[in-house]
Amino acid sequence: MINFESRVIFGLESQGMLLVADDEGRPVLLRPDKEVPLGTKVR
Numbered sequence: 001m002i003n004f005e006s007r008v009i010f011g012l013e014s015q016g017m018l019l020v021a022d023d024e025g026r027p028v029l030l031r032p033d034k035e036v037p038l039g040t041k042v043r
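FYI, UniProt numbering numbers position 1 of the sequence shown as 1, with every residue one higher than the one before it.
Keep in mind the hints are simulated off the structure, nothing from the lab.
None of the values given here were measured: they were computed from a predicted structure.
One thing to keep in mind: the hints can contain errors.
Unchecked claim - Listed next, with one range per pair, are the computed distances between beta-carbon atoms:
| hint | residue 1 | residue 2 | range |
| --- | --- | --- | --- |
| 1 | I2 | V36 | 25 to 35 Å |
| 2 | V8 | L38 | 12 to 22 Å |
| 3 | D33 | V8 | 25 to 35 Å |
| 4 | R43 | I2 | 11 to 21 Å |
| 5 | L38 | G11 | 27 to 37 Å |
| 6 | L29 | I9 | 11 to 21 Å |
| 7 | L12 | P37 | 17 to 27 Å |
| 8 | R43 | G11 | 29 to 39 Å |
| 9 | G11 | D33 | 27 to 37 Å |
| 10 | G39 | I9 | 25 to 35 Å |
| 11 | S14 | P37 | 12 to 22 Å |
| 12 | R7 | L38 | 27 to 37 Å |
| 13 | T40 | E13 | 26 to 36 Å |
| 14 | P32 | N3 | 11 to 21 Å |
Don't be surprised by glycine CBs; every beta carbon is placed ideally from N, CA and C.
Make a model of the complete structure from these sequences and hints.
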C-alpha cells in the first residue's frame, strides 16, 4: 500500500492511496472487478 501525502487538488483535499502487488520487483495496481462505494473496507 502506498499512502500519498495529502494535497489540495481543484480546491479539495486529496488523501490518496494505492494498493499494489509486487510482480518480481514491478508494481501491479490492484483494482476491484466492479464498482464499490467510496470508503469500502479492503480486507
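Hint check results:
1. I2 x V36: 25 to 35 Å: violated, 19 Å
2. V8 x L38: 12 to 22 Å: Holds, since V8 and L38 (Cβ atoms, about 18 Å apart) stay within the stated range.
3. D33 x V8: 25 to 35 Å: holds, 32 Å
4. R43 x I2: 11 to 21 Å: holds, 18 Å
5. L38 x G11: 27 to 37 Å: violated, 18 Å
6. L29 x I9: 11 to 21 Å: At roughly 19 Å between Cβ atoms, I9 and L29 fall inside 11 to 21 Å, so the hint holds.
7. L12 x P37: 17 to 27 Å: At roughly 18 Å between Cβ atoms, P37 and L12 fall inside 17 to 27 Å, so the hint holds.
8. R43 x G11: 29 to 39 Å: holds, 33 Å
9. G11 x D33: 27 to 37 Å: holds, 32 Å
10. G39 x I9: 25 to 35 Å: violated, 18 Å
11. S14 x P37: 12 to 22 Å: For P37 against S14, whose Cβ atoms are near 18 Å apart, the range 12 to 22 Å holds.
12. R7 x L38: 27 to 37 Å: Check failed, 18 Å falls outside 27 to 37 Å.
13. T40 x E13: 26 to 36 Å: Taking Cβ atoms as reference, T40 and E13 lie about 20 Å apart, which means the hint is violated.
14. P32 x N3: 11 to 21 Å: holds, 19 Å
Against the hints set out earlier in the document, violations occur for numbers 1, 5, 10, 12 and 13.
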